[in-house]
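Start from the sequences and build out the full structure, keeping to the hints where you can.
There are 2 protein chains.
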Amino acid sequence: KSLSRMGSELRCQCISTHSKFIPPRRIQDVKLTQSGPHCQNVEIIATLKDGREVCLEPTAPWVKLIIKAILENPVKKQQYL
Amino acid sequence: KSLSRMGSELRCQCISTHSKFIPPRRIQDVKLTQSGPHCQNVEIIATLKDGREVCLEPTAPWVKLIIKAILENPVKKQQYL
Numbered sequence: 001k002s003l004s005r006m007g008s009e010l011r012c013q014c015i016s017t018h019s020k021f022i023p024p025r026r027i028q029d030v031k032l033t034q035s036g037p038h039c040q041n042v043e044i045i046a047t048l049k050d051g052r053e054v055c056l057e058p059t060a061p062w063v064k065l066i067i068k069a070i071l072e073n074p075v076k077k078q079q080y081l
Numbered sequence: 082k083s084l085s086r087m088g089s090e091l092r093c094q095c096i097s098t099h100s101k102f103i104p105p106r107r108i109q110d111v112k113l114t115q116s117g118p119h120c121q122n123v124e125i126i127a128t129l130k131d132g133r134e135v136c137l138e139p140t141a142p143w144v145k146l147i148i149k150a151i152l153e154n155p156v157k158k159q160q161y162l
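Just so you know, the protein sequences line up as chains P and R, in that order. The first sequence begins at 1 in our numbering and counts up one residue at a time. The second sequence begins at 82 in our numbering and counts up one residue at a time.
Hints were generated in silico from the structure; no laboratory data involved. Please note that a few of the clues may not be correct.
Unchecked claim - For lysine-lysine, the following BS3-like pairs were computed, each having C-alpha atoms within a straight-line distance of at most 30 Å:
{"no.": "1", "chain 1": "R", "residue 1": "Lys145", "chain 2": "P", "residue 2": "Lys31"}
{"no.": "2", "chain 1": "R", "residue 1": "Lys112", "chain 2": "R", "residue 2": "Lys130"}
{"no.": "3", "chain 1": "R", "residue 1": "Lys149", "chain 2": "P", "residue 2": "Lys49"}
{"no.": "4", "chain 1": "P", "residue 1": "Lys68", "chain 2": "R", "residue 2": "Lys149"}
{"no.": "5", "chain 1": "R", "residue 1": "Lys112", "chain 2": "P", "residue 2": "Lys64"}
{"no.": "6", "chain 1": "P", "residue 1": "Lys20", "chain 2": "R", "residue 2": "Lys112"}
{"no.": "7", "chain 1": "R", "residue 1": "Lys130", "chain 2": "P", "residue 2": "Lys64"}
{"no.": "8", "chain 1": "P", "residue 1": "Lys64", "chain 2": "P", "residue 2": "Lys20"}
{"no.": "9", "chain 1": "R", "residue 1": "Lys112", "chain 2": "P", "residue 2": "Lys49"}
{"no.": "10", "chain 1": "R", "residue 1": "Lys149", "chain 2": "P", "residue 2": "Lys20"}
Since we're looking at a predicted model, the values are computed, not measured.
Written as structure tokens, this is what we have:
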């Protein structure tokens, strides 16, 4: 739920994760950060349409489904093809 | 390859996409933006470890594999469990 902003790139950005399902329509974007020297965890941060940022649990099935849904969203009109 | 920054939230951020494979180890994070009123396309923007931002093709198989790899990255030590 909370997001630590203290030098976010140098540490884990997520202190805890939001466990309840968030409907995709409320999500503007999802950022996946690889684990690395700065943080041992894969971190998934969703920016909601109301501007809030929420840490999601990478192993939660519904999180994987949301990412899949975003990826496989039927593209209405490919602008740059 | 190029990323339009003109009021990025109000329009598509990707003018074109990078077609060549990028090894996951060069990727720091990947942001998936839903299509919506601001842009008809799902947009995937990777931030590389050297700081550059690259638009990836949402339908490209290697892009989906990279996202899957990031998600299923074996978590070394769950810090907040």
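Inset, instruction - Provide an ascending list of the numbers of those earlier hints which the structure does not satisfy. - result: Hints that this structure does not satisfy do not exist here, as all of them hold.
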